[in-house]
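> Chain by chain, the residues:
Protein chains: 2
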Amino acid sequence: MADNKKMVEAITSMEVDFAQWYTDVVRKAELIDYTSVKGCMVLKPAGYAIWELIQKQLDARFKETGVENVYLPMFIPESLLQKEKDHVEGFAPEVAWVTHGGLQPLQERMCVRPTSETLFCDFYANDIHSYRDLPRVYNQWCSVVRWEKETRPFLRSREFLWQEGHTAHATAEEAEERTIQMLNVYANFCEEVLAIPVVKGQKTEKEKFAGALATYTIEALMHDGKALQSGTSHNFGDGFAKAFGIQYAAKDNTLKYVHQTSWGMTTRLIGALIMVHGDNEGLVVPPRVAPTQICIVPVMQKKEGVLEKAYELRDRLKKDFRVKVDDSDKTPGYKFAEAEMRGYPIRVEIGPKDIEAGKCVICRRDTREKIEVALDELETKAAEVLDTMQKEMLERARAHREEHTYVARNMEEFRKTFSEKSGFVKAMWCGCQECEDKIKEELAVTSRCMPFEQEELAEECVCCGKPAKKMVYWGRAY
Amino acid sequence: MADNKKMVEAITSMEVDFAQWYTDVVRKAELIDYTSVKGCMVLKPAGYAIWELIQKQLDARFKETGVENVYLPMFIPESLLQKEKDHVEGFAPEVAWVTHGGLQPLQERMCVRPTSETLFCDFYANDIHSYRDLPRVYNQWCSVVRWEKETRPFLRSREFLWQEGHTAHATAEEAEERTIQMLNVYANFCEEVLAIPVVKGQKTEKEKFAGALATYTIEALMHDGKALQSGTSHNFGDGFAKAFGIQYAAKDNTLKYVHQTSWGMTTRLIGALIMVHGDNEGLVVPPRVAPTQICIVPVMQKKEGVLEKAYELRDRLKKDFRVKVDDSDKTPGYKFAEAEMRGYPIRVEIGPKDIEAGKCVICRRDTREKIEVALDELETKAAEVLDTMQKEMLERARAHREEHTYVARNMEEFRKTFSEKSGFVKAMWCGCQECEDKIKEELAVTSRCMPFEQEELAEECVCCGKPAKKMVYWGRAY
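Chains as they are written, first to last, in this note's numbering: chain A, 1 to 478; chain B, 1 to 478.
Hints may be right or wrong, so weigh each one.
Repeated chains share a single entry, so a pair holds when one copy, or any two copies, can fit it.
As the list claims (entries may be wrong) - Pairs of lysine-lysine, PhoX-like flavour, derived with a Cα cap of 20 Å:
| hint | residue 1 | residue 2 |
| --- | --- | --- |
| 1 | 426 | 416 |
| 2 | 63 | 318 |
| 3 | 303 | 353 |
| 4 | 330 | 251 |
Derived from the structure by calculation, the hints contain no laboratory data.
This is chain A alone, in the form it adopts within the complex:
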């Protein structure tokens, strides 16, 4: 137990210091490492493998809706970035600039893409001619760069991995439909795969994407009561099309501008799953994105037949699960603690006595419940436990969010709630940015979204008392 304790001791308890707990988990679970490049991180095998599973399952969902993948350059010439006024204002302050190619200064400097709307527009302007070319529903998986001052692993780094979908449509209705369709793909993915419940809604004017007509978002609540924007989908209308001249010949032979959308999710999702599911033993990975779903730990592995049995079980299980054996020379106690730290959904313990009795012990990571299982029922039982765990992780996260979602009807209640609690606060809003600014200044919270599921909590704006137009989710955000 000594080394077991030592390993666990190294994590700060989340109740003591949530930020430190988070940093401890990403390091001790070996998800990332820091680098000599300030603000950029290494995604280590355990972290990257989660991203691969996210990517695989999200990509399959994209393709079911007709998305095709492409790859565009990572560089954007300055003149291209400047074509859409709002967009350049939003991004220019935080891009990295390439000024030299080899030994020569460039004639025009280029930024490393912070997002690729301008490149897609430049491409579509040449690629789209007729209504027959529409819709274009393209996506790319790549990394982007934003020169952030403060960075945190997964949540905010100068370079991060993501996907960005960029579509072009014949009509405004079709563009709006695609924007909402992708938001729903994101929401379902978060709930069904990452076991993270989300609130779907629209961003306010103040919080929307630079250059968008409307930005939709999914917002998740972390264990510490802070919000995390987990995916966004933007409807651009024909604003970019007009700036870039993207026109098509309609059936009646008139020239029309296309209507565009974009939507993205990032490695930030890994930060979300850590902060929604993790505990004081470490990471807890939802089974559907767990690179190792089952870790077999042999007990008294030097006894004849134990390791052989462990390998035999692995070979049986690997047909249906992602499985490995920890056959290192560490003690079982250390291995148990390490399996918990790394968040493997199921740990299978097997020793000489178990083998004799034809059974083993399954330990479920989230509840730490131990179940004795007959060896010939292991596949069935493991599948059952993983299914239950995936389902219950979502239910638990939803219950946590419900418990930490509050209502405020006036500024006093609003102030009191945020001074005593941490979570989402639902409050009515008149729709003017002045109130939003005032709330931000006074309470240090932002509007997370105007949820699709509106409630009429009061008739007046929580801030100014004028007639309310929308119910808004407010919160402190990552």
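Fit chain B to the supplied structure of chain A, relying on the hints for placement.
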């Protein structure tokens, strides 16, 4: 036939102008598009989908050998790039430099990675402590940037997609073993998946990678007789480890330097498959990497039941194949030509008479052979045709290479062969760079590799007449 002809007319014949044929094919088959970023291209859906299939199958082969994927930053601080002398000399002239982050000049400029040896070394120096941490067998899929002056789609562009494996081992033997192992993975992949036969061998000192002890390569012969370096695997010995201080505590508790390797394949492979398999009708994609393996073309599709039958066949075939129906309003002739241009391995033609007779026609892309098939045998026959095609494409490419591989025993033969023929020329070499330089200057050819399968064609160097040490493959290269 008129529109059919028009489409085909647009390709230059490869016998007339191979370079123009190549450019025509990549554009007309919609693999790429040019961009406003000089020297960079867009990988369009048809091109990117081939890369996805390459990536999926190559990645599976990597993982079978124990490779784990990671992701490292795209930026390299200048001081890091400079740590290994030969390496920086090789790459510094062709990197893109980032000098500003947001509105501020950087304290130290950074290049966009041309390759990531220095970043992996910097990471390994912190990550590797003990023999227990070895081997490290990491790989990343990403894009890299090299500021080339002359660019060509897939073959040479300023940004390209690739994978780069970087490994660290306890012993020199183990590093050499991994270097050769990955070269074999590459060679088998090229032959089994891309149907491209390759020559395996070692690069000469002059041609090896900047900073490597030894570089191994696979070389393929294109249809025009030019060589294409298709994958390389480098053994670094402990050179980088010494420059970066990557040491581990051995079992006997002494500190030792690790031995490293790196290996990479790129989107250039798509260029290779175009130039090995393509013909005057357009692209020919090997079935294993064909995003569409079967294209069903309905004939007289407005007749009742034709389109329905086409969709029914698609739904049956899609269980085992990547399949689509061309139900556009183009004429069948145009669709046939387009399917050939895009290189779909199988085209299925089905019209009212076929349906009545319970059959359809399969047209095989490479031989353009037409086969009548009973509808209830379509799956079996399609699988058979795809298998045969995959196999025969490799055989044809191998026969072409054999026919275009020549022998030269002295400079006169050497000169004559390269003035009259285009292909590989095997010739003996004394091992000194002077002869290599002289041959390059006089014949405009380079040493492609010293093949593993050596032959003793003569006792003297083809150039200087001194005793020969190695048989070398020479050629004009892309």
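> All hints, please: hold or fail.
Comparing the hints with the structure gives:
When the C-alpha separation of residue 426 and residue 416 is checked against a cutoff of 20 Å, the pair qualifies only within one copy, where the shortest distance is 13 Å, while the shortest distance between copies is 84 Å. Within a single copy, residue 63 and residue 318 get their C-alpha atoms only as close as 27 Å, which misses the 20 Å cut-off; across copies the closest is 15 Å, which meets it. When the C-alpha separation of residue 303 and residue 353 is checked against a cutoff of 20 Å, the pair qualifies only within one copy, where the shortest distance is 11 Å, while the shortest distance between copies is 73 Å. Within a single copy, residue 330 and residue 251 get their C-alpha atoms only as close as 71 Å, which misses the 20 Å cut-off; across copies the closest is 16 Å, which meets it.
The earlier numbered hints are all upheld by this structure, with none contradicted.
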